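Participant: Sequence:
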Amino acid sequence: MKRWIALMLALSTGTALAAPGDYQSSPKRRTVVEKDWGPWLGPFRAKLIPSLMQDFGERYLYAPANAALPAPKPGEQRVVFLGDSITDRWNLAASFPGKPYVNRGIGSQVTAQMLLRFHQDVVALKPSAVVILAGINDVQGFLQQERPDQIEANWEAMADLATAHHIRVVFGSILPVNNYTDAAKDVVTERKPAELVALNNWLRAFCARRGYGFADYHGALVDGDGLMTAAYTQDGVHPLDNGYAVMTPIAQRAIERALKQK
5 MKRWIALMLA LSTGTALAAP GDYQSSPKRR TVVEKDWGPW LGPFRAKLIP
55 SLMQDFGERY LYAPANAALP APKPGEQRVV FLGDSITDRW NLAASFPGKP
105 YVNRGIGSQV TAQMLLRFHQ DVVALKPSAV VILAGINDVQ GFLQQERPDQ
155 IEANWEAMAD LATAHHIRVV FGSILPVNNY TDAAKDVVTE RKPAELVALN
205 NWLRAFCARR GYGFADYHGA LVDGDGLMTA AYTQDGVHPL DNGYAVMTPI
255 AQRAIERALK QK
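The opening position of the sequence shown corresponds to residue 5 in our numbering, with each subsequent residue numbered one higher.
Bear in mind the hints are in silico, worked out from the structure with no lab data behind them. Hints should not be assumed to be uniformly reliable.
Simulated crosslink set (SDA-like; lysine to any residue; CA at most 20 angstroms straight-line) [unchecked claim]:
1. K39 to K130
2. K130 to E150
3. K130 to K264
4. K39 to Y27
Computed beta-carbon distance windows for the label pairs [unchecked claim]:
5. A98 to D186: 35 to 43 angstroms
6. A128 to R208: 39 to 47 angstroms
7. A75 to A98: 23 to 31 angstroms
8. G79 to K39: 46 to 54 angstroms
Predicted, not measured: the structure shown is a model, and the values here were computed from it. The beta-carbon is built from N, C-alpha and C at its ideal position, and this holds for glycine as well.
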């Protein structure tokens with residue numbers, strides 16, 4: 005009975021499941037005070053968390069599509085685009101007509117989630133190359149608080165997985181953000197432009213050191229104030245069609261260079 009009571013107390017308080025006197029290497033878990041995410045993000049986050057507790061990578065989302073996708077044809081250079089909502093909203097068929105490009109973006113995801121699903125949503129699809137666009141949600145901290153070095157480590161881990169499976173790697177720079185509209189009023193506060201630039205500088209150097217492709221979306225979308233050009237977004241984060249039109253040739257050139265490497 006005492007052990008059962010200890011178990012119930014542990015579950016209710018978030019402490020490790022150990023009775024008094026039992027050995028435990030790890031320290032006690034911290035208690036985190038929830039941030040008020042507002043009238044839209046708050047309910048969305050509350051709905052999402054129980055599902056993430058079962059499958060943090062959300063591997064279930066693309067599992068049926070992956071099962072239905074045939075192997076690449078002989079000579080076909082399949083490319084998988086992996087990312088968050090910026091990739092998820094990118095209509096690859098319209099932007100790259102006739103190209104065997106596969107979209108595996110999931111809205112709100114952070115780099116840790118993409119790393120968890122990398123084998124299923126990238127490696128198993130046998131692409132010639134992967135285009136990774138990730139990190140903006142890590143900076144915001146909506147699902148996972150990540151320091152810059154942790155984001156960089158996740159980028160590196162995804163690249164290592166791709167390289168181990170003979171998949172060419174292209175990284176897209178994190179896009180700039182702005183706060184020019186009512187819908188974007190909190191964006192710059194939550195995603196500091198200087199931090200985005202610092203992460204992009206690290207990523208550019210990492211790609212140069214490893215010989216990976218680098219698609220500099222940031223440089224093409226940024227305005228004179230270091231923010232995303234007003235015409236390219238309504239909410240300060242996601243590109244409109246004209247923004248994707250700017251990104252498309254940048255991605256294509258980076259893919260072509262990566263595929264030509266020996």
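Participant: Would you mind marking each hint as holding or not holding in the structure?
Facilitator: Results for each hint:
A hinted pair counts as satisfied when its Cα atoms are at most 20 angstroms apart, and K39 with K130 does not qualify at roughly 40 angstroms. The hinted pair formed by K130 and E150 fails the criterion: a straight-line CA distance of about 30 angstroms is larger than 20 angstroms. With a C-alpha separation of about 17 angstroms, the suggested pairing of K130 with K264 holds against the 20 angstroms cut-off. A C-alpha spacing of about 34 angstroms is found between K39 and Y27, which places the hinted pair above 20 angstroms, so the restraint is violated.
Taking the beta carbon of each, A98 and D186 are about 29 angstroms apart, not inside 35 to 43 angstroms as hinted. For A128 and R208, the Cβ-Cβ distance of about 29 angstroms falls outside the hinted range of 39 to 47 angstroms, so the restraint is violated. A hinted range of 23 to 31 angstroms for the beta carbons of A75 and A98 is consistent with their spacing of about 25 angstroms. For G79 paired with K39, a C-beta distance near 50 angstroms keeps the hint of 46 to 54 angstroms intact.
Checked against the numbered hints listed earlier, the structure breaks hints 1, 2, 4, 5 and 6; every other hint is satisfied.
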